[in-house]
Structure formats: C-alpha cells, structure tokens
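Asks: With chain A's structure known, arrange chain B on it following the hints.
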Amino acid sequence: MQLIKPDININFVGVRYKAFLLSGTIILLGLLTLFVRGGLRMGVDFAGGTLIQVKFDRPTNPDEIRNALQGTIKNAFIQQVGAKVDNEYLVRTDAIHEELGSLSNKIEDQLNKTYGPGQQVLRVEMVGPKVGHDLRQKALHAIFYAFLFIAVYISWRFEFKLSAGLIMLVVMGLGIYLLDALGLNAVYLIGGALVVTFVLCWYLKLPYALGALLSLVHDILITIGIFAFFNKEFSLEVFAALLTLSGYSLNDTIIVYDRIRENRNKDKKVKFSDMINGAINQTLSRTVLTSMTVFFVILCLFILGGSVIHDFSFAMLIGVVTGSYSSVFVASPILIAYEDLKKKKPAAVSKRAAVETNESKAARSTKKAKKQSPGQADVRKSARG
Amino acid sequence: MKSIGIRALIVGVILVIGILCVIPTFVSTTLPGLSNVMPDKIHLGLDLQGGIHLVLEVDADKAVELRAERFVDEIKDALRSKKIGFTKVVKTGAWDIDVVLPSNEQLNEFNETLKSDFPSLKPATTETTPEGTIVLLTMDQKEVNDLRNNAVTQGLETIRNRIDQFGVSEPDIRPEHGDRILVQLPGIKNPQEAIELIGKMAVLEFKFVAQNVTAQEIQDNKMPPGVKLYPKRPSDRNTQETKIPLEEKTVLTGQHITDAKVEIGQRSFGEAQISLNFDSEGAKIFERLTGDNVGRNLAIVLDGIVYSDPVIKERIPNGRAVISGSFSDEEARAVAIALRTGRLPAPVKILEQRTVGPALGADSIRKGVLASAIGGLGIVLFMMIYYKFSGAIADLALVMNILLILALMALIRATLTLPGIAGIALTIGIAVDANVLIYERIREELRLGKTPRAAIDTGYQRATITIMDANVTSAIAALVLYGFGTGPVKGFAVTLFFGLAANMFTAIFVTRIIFDYLLTERRVKELSI
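Sequence order for the protein chains is A and B. First residue of the first sequence: 1, per this note's numbering; consecutive thereafter. First residue of the second sequence: 1001, per this note's numbering; consecutive thereafter.
Just chain A, same shape as in the assembly (with noise of 0.2 angstroms):
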C-alpha cells in the first residue's frame, strides 16, 4: 500500500515566498492576540491560584454555578470539561487559602447548600504565588537550556562541526551567565539566547542548524499562538507539551534535511533550489507517515484521554501539524533563501550582520577565520538516508 506515489513531485519550493507569507502572518496574528489579551492565560500553576474540578449531580451552566459561590469566591472562571453527561466543571480563582480549613472546603460546603448534597470534589489544585513564581523562573530555564541543547547537538550532527557546537556551548554559555548576572528576567535570557544562536548560525555558516532551529521557534511560536488565539489555559501539562514539540518537531526537518545532504553530494549540475525540492519530495511520504502515527495516538489522547490531558494533546496536535509543515515550508526554503542572500550580495550582508553582533566578541573572531577560508562550508560529506 502507498498513500504517496514515488515519483510525486510538488514545487514546494515554488511557493515558498506564499508559505513565509502564510507563517508571518499566523505568527503575527498570534503575536497580536497576545499582546491585545495581555499574555498567556496563565494556569494556576504558573499564575498562583486555585482551581477545582466538580462534578455535579444533574446539569448546570456556569452562571449558575458563579450564583452559588456568591461570597465564598469573587472572579471565578467557570468551564465545564469532560463529556457534556458528566456534568463536571472547573472553577478558578486567583484566591489561594494558605491556612488549613481551605477554599475548597467551604466550595463544597456552599455548592452543597445550593445544589443539595453529592456534589463531588475531584480535583483541588492550590499554588501559592511563591510556587507559582518558582514554577514560572524553572520552566522559562527549562526553554533556554531545551533550546541551547538541541542547538549545540544540531549544529554539531548536521554540520559536521563538533567545534562549531562547541563554540555555539561557549559563547552562548558566557552570554547566559553574563545576561544572569545582570539579573535580567529569564524571557530576555531566552530572547537573547536566540539571537545570539541565529547570529553565531549565520557567522559560522551553519545554514542547516539555522533552518532547523529557525522552524523550531517557528512551530513554538505558531503553537503558543493558538493557544492564545483560542483563549486556553498554560498550564504546567502545556508547557511540557511545548518542551517535548522542541525536541519533536525536528524530527521531520532531519529527514529532511538528510535527503538534501545526500542528493547534493550526487549530482552537482543540478540547480539547488531544484535539489531541495527534489529531497522534499523524495521524503515526502515519510514525512507524512510519521507525522500520521503520532497525529493519530495524540488525537486519541484528546478526544478519549478525559480532560486533566486535554489540553496537553491540543498543544501537541498543532505542534506535529505544524513540525511538518514547517519542515517542508520553513527549514527548506530557508537553505535556499541562505544560499541565495550569500550569492547575491556577500558584502552587503556581512556588513549588515556585523551591525547586528557587536556584543559578540567570539563571534567577530571566528568571522575572521572563516573569512580566511571561503567556501570550506560547502564540502561536506554524507552518509545519511
């Protein structure tokens, strides 16, 4: 059986100005959405809080609900979740109850009253804001060091360069400790991080570690998004789910990016926006099958998988769809538009990313080095399917 024929052969790369079009504009528009809303809708995880599941004994709405807990809890954000026959709702609130003789006590006692006795508490979850504040600083750090990971790994397996990795680990390792030390809030430690990746990608021409992870914060980026876009909740379950799209999402980039490696050593006469097409389209059903298998378990997950996981296996769908999406429409084009910019005007770019790196010492140097050596980017060799 073949979903996909062999000898299909799509122009992906003939629309790829459309597809950087069609990324920008999500991840602008998801940009927007959270810039308007304020940020991520924090769960109680990260925001401090409590939050409590009940389930009732016969239907009800929210306002409803919100009624009854008049004077026991102000601003409370009701949703039901789960099955519409399972009645069962969250209900949050910034409150916390730090004494003993808690909130969730007097909710059960009140909706009790209300609604007669058998409303069940499944579920009571209370985060102090010093937790929530700790929760907050670890996953921020648990981004940085996901992201400086893979890329050290990245650029060393797909470059051939365990020395380029290495000097991508220090460079970025001083910045880091430099940007700590100055106290700076952990969201400038991640935006830092990245540009100083992207910078030291562009220096030590490592057009393939580039791409990748450039899709890599493409589909985090796209993900959060419509996690805003849609209102939902960030929870802890979310953020895991984020951290593993970083590692997974790269999957189908590798692929990728393995085939074009393996055709441009073959035959050299071949245009090479034409080869990179070529490659995509060559692991255009493995691609698809993987992104297939897993798309299927996680879309068990979240119709069947009840709703503490809920959201996590949302997360995840967008991020498999868009992991392949991007490896086709993002990490590819990007060799392309790379090779292109170097072809067309060297000077005008070197200059314009010498601009852009004056913090970097270490990058200036190696600048230098390379500048000595043109063109010793190019050769490589391959052994990969």
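Worth flagging that the hints you see were computed from the coordinates, not collected in a lab. All C-beta atoms in this analysis are idealised placements derived from N, C-alpha and C, irrespective of residue type, glycine included. Some clues are possibly wrong.
Listed below are the simulated DSBU-like cross-link pairs for lysine-lysine, each with C-alpha atoms no more than 35 angstroms apart in a straight line [said to hold, decoys possible]: (1) A:K5 to A:K271; (2) A:K343 to A:K268; (3) B:K1284 to A:K106; (4) B:K1450 to A:K271; (5) A:K113 to B:K1349; (6) A:K5 to A:K266; (7) B:K1232 to B:K1243; (8) B:K1349 to A:K232; (9) A:K106 to B:K1062; (10) A:K130 to B:K1062; (11) B:K1261 to B:K1088; (12) B:K1490 to A:K130; (13) A:K5 to A:K55; (14) B:K1062 to B:K1284.
Stretch by stretch, here's where chain B covers chain A in the computed footprint (C-beta under 8 angstroms, at least three residues) [what the hints assert, rightly or not]: (15) 116-122; (16) 140-150.
Heads up, incomplete: computed chain A residues facing chain B, CB under 10 angstroms, no partners named [to be verified]: (17) P6; (18) I8; (19) Q53; (20) V131; (21) L250; (22) Q282; (23) M292.
Replies: Below, chain B alone, put in the same frame as chain A:
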C-alpha cells in the same frame, strides 16, 4: 556483522528480564523467594491513585519569636522566685526582650540570674531612664539558628508522627530546600481532615478565667493588667463566637500530656470529647492547681481558642482532664492526634496543594489507558496494512518497546503518572516512525532494482543515523523536562525518555535480526513490505 544467534540471545535475555520486571505489576501472586529478587510493582502517581500533594513552609522565624515569648514568661518567673523586683518584661521587635528594673540596685542580681539561668540571652544595652533601668536582651545567634533549624526538623518529625497515627499507607514526607516540607499522601480518603491535622499547631494551655472583670469592660476591650480577652469556641454552629477574659499566665501546658484519646461524653448525649493524661509532673501541677482553686473556672485553650472553661469542683489527683466543646467525631480525632504528637514548633503555611480524589484518579487511568490502547491498536493495524509482514515485525518491536518502558520504570522505581501514560502513547507513535523511515528507504532501494538483501542493508544503514538524531533531540527535551520536574510532568519525561531509548534498541536492533533471519536462514527471495 555479528551472528544472528548471538544477537537473538541478547534480545532474548533482555526480553526475559523485562517480563520478569513487569510481572509483579500485573500479577498479584507473590512467589516465595522470588519477591526478593523482583522489583516492586510500578508505582502510581498521586494523579492516578488519588491523594494529596502538599508543599508546606515552616515559619521558622515564628519559632524564634515564640521562644522569645516563653523567655519573657520564664524571666518573670525566675525574677519572682528570686525576689528580684522588676517593673516589666516585654518582647520588643521580633525577638528582643526589654527588662525594666525599678533602679540600678537590682542590676547586679539580675545579671547574675541572666548568666546562670539564661545563658543564651545577652544584655545588649543597659540604660538608666526616669522610668527605671532598661536592659535590652538579645538572643544568641547560635540559639536563633538552632531554633530555626529545629523548627523545620521538629516540624517534619511532628507531621510524620501525626500522619502515621492518622493512618496513611506509604506516605512520603521529606524536607525540601529552604524551610519547605513536601508531603505526599497517596490514596487518602479524607484529604481535608488530613490537611487540617497537619497544620494544627496544637498548643494546649490551661489558664484561669479572670475574676472581677465586668461585662462592660469586656465590651470596651479594657482589660486590667495581666488579663487578656480570648475567643471562645461557640457551643454549636449557630451561636456566635464570644470573648472570655483569661489571666495571661499559663498554669499548665500540653508539654505534660502523655496521652489524648477520643471518648464519648456521658453528659452531653454522645458528643465526642477528648480525655487527657498527664505525666507525673503534670499530674502534680494539676493536683495543686485544682486543689488551690476550687470554685474557679479553668479555661482550656487550644491554639489560642478557648474550648471549654469548666468550674473546678474538687481537687483532681489522678492527672486526668477532659476537653469537651462540641467536637464532630472527625475533629475530635484530629485534635487528639495533634495533642498526642505534640505541638508544632512553628506555624506551617501551605504553599502548594494538589488533591486528586480517588474517583478522578481511577477515571484518569481508565481514560488514559483506553486512549493509548485505541491509539496503539490503530497504529498496529495501520502498520500491518501498509507494510504487510514487515509491518507486523515493526508491531512486534513496538510491543517490546512498551514492555521495556514498563520494565525500566519498575526497575528504577519511577512513578507512573497520567502524563506518563500520555508519554507511552506518544512513544507508540514515535516508535513506529523509526520503522517507517527504515521501510520507506528499503522500498526506495527496491524500486531502484536492488536485491532484498542489499535494500535492507542500505535501508537500515541510511536510516539509523537519521533515527538517532531525531530521537536525541526529543531525548534532550525529555531530559530537560525531567530536570524541571514536578510530579506528573516528571512522570511524562521518564516514560518519554525510556520510550526513546528502548526505541533505538527495538526498532533498529531487534527488527534487523528478524529480517536477517528471514534472508539468511529462510532464504526469502521477496520482501513483504
């Protein structure tokens, strides 16, 4: 290339070990002698079996403050017994103590008492004012540190004792960084009660009800010196809380309690009450106390609230007392445990609380397993349809992969959580990806006209590095996630990481053996792929 036999042996041994590891999880019979060798069954996380996860913070500073308060009382007692005159002794600031003496005459005697009885208090400043001589006492830094550390270790110990007496199987109570304590109580039925028990200070004090205080004075909150108003617990839920004036001096504390039990009261129609037994010293104090004050009201104060204030009818020589005060049965039980295990050295605050009811836990397991099973089944069928016999080989590897994840979890005693189940499901999806990559490559090579042997060689060789790279990036994410770790998410990271590791082995190594066997031993000419 190693021989098929050796490779098959390796796989066989790993398979047997893996099966042995997961047997306890699925079969409850314990074979004698074997249970020592085999790992325990896989531990379920709180989100699956229900329970409480608490992060508490001990207010260590408060322990020092409380000590300073007791010092004030002790200094007063010491000065009184040594007949040294003083104007007042008060706590100032967090834990400094001001002692005001009428004049410089008492200073020498006072300093001597200080040296002999209170070596951890040091006079910081001494000044003479029209009011008298004021000595500012500060606590030794070492004493402060000891009190702080003790507050955490003793708090931990007390909480542990309370939970033991409360009856929870496999509680996990341990210190975390700073002054934090992690409490995990799996499978608990009555979470609220447990939380209240853990947080109860259980400071028991006996104080006399002040005489000659008028109702007007109480209303105006104007108390004579040495008298303070305390809230009194209402006798039932409908009556309002009242205030009662008590003499500030504590005549007996919970320190002398040897036992506290729940009893059913005779007078109050089967209402629960708590009977206390004092040690010999406590009994002596109590006997003298009651004998000297027949006719007065003695208030029993627990955590600053007056529970009852019975009239002393006669001298009580047997060292027994009863706290009544309209307890519910559960509450009486919690108070009794708290009194038995002693007071907390400092108040604890709940920083984080996660409670999962057993119903939701069971529901989560059911749904998680069902979703994974359907997902897995779909994948298995798909592989068989799409790649025919080769798909079945990949399915075999998939089953072994799941077995190995569970075996590894049992071996290192990792905890299976709901996201952990999701991790296994995800692994199912990712695991067959490896075989998809290999098989697609093999198909491609076959289309180029290669022999099955050559196609398989190239397919595995070319795909292996790609699979490794793809798995390593995911594994990096899993490792970082593990480091970030909080309970359920950590469980996800664990299953994902094991799944990826097992994948490298089953999808590449194990399936290859089967293909090699088919080609070499069975001399298969055509691949079913």
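Asks: Given the hint that K1261 (chain B) pairs with K1088 (chain B), test it: the Cα-Cα distance must not exceed 35 angstroms.
Replies: Status violated; Cα separation ~40 angstroms.
Asks: Tell me if the interface restraint on M292 (chain A) is satisfied: Cβ within less than 10 angstroms of some Cβ in chain B.
Replies: holds (8 angstroms)
Asks: Given the proposed pairing of K1349 (chain B) with K232 (chain A), does the C-alpha separation stay at or below 35 angstroms?
Replies: holds (30 angstroms)
Asks: Would the pair K1062 (chain B) and K1284 (chain B) pass a check requiring their Cα atoms to be no farther apart than 35 angstroms?
Replies: Roughly 31 angstroms separates the two Cα atoms, so the pair holds.
Asks: Verify the proposed pairing of K1450 (chain B) with K271 (chain A), using a straight-line Cα cut of 35 angstroms.
Replies: holds (28 angstroms)
Asks: K130 (chain A) and K1062 (chain B) were given as a pair; does the straight-line alpha-carbon distance stay at or below 35 angstroms?
Replies: Holds, at about 19 angstroms.
Asks: Is the hinted pair K1490 (chain B) and K130 (chain A) satisfied, with a Cα-Cα distance of at most 35 angstroms?
Replies: Satisfied, since the Cα-Cα distance of roughly 20 angstroms is no more than 35 angstroms.
Asks: Take a quick look at whether K343 (chain A) and K268 (chain A) sit within 35 angstroms of each other, Cα to Cα.
Replies: holds (17 angstroms)
Asks: With 10 angstroms as the cut and Cβ atoms as the points, is Q53 (chain A) at the interface with chain B?
Replies: Constraint on Q53 (chain A) satisfied, holds at 7 angstroms.
Asks: Minimum Cβ distance from P6 (chain A) to chain B below 10 angstroms?
Replies: At about 6 angstroms, which falls below the 10 angstroms cut-off, the nearest Cβ of chain B leaves the hint on P6 (chain A) intact, so it holds.
Asks: Does the nearest C-beta of chain B fall within a distance shorter than 10 angstroms of the C-beta of Q282 (chain A)?
Replies: Holds. Min distance 8 angstroms.
Asks: Holds or violated: K113 (chain A) and K1349 (chain B), Cα atoms, limit 35 angstroms.
Replies: holds (29 angstroms)
In summary, the structure is inconsistent with hints 3, 11, 13, 18 from the numbered list given earlier, while agreeing with the others.
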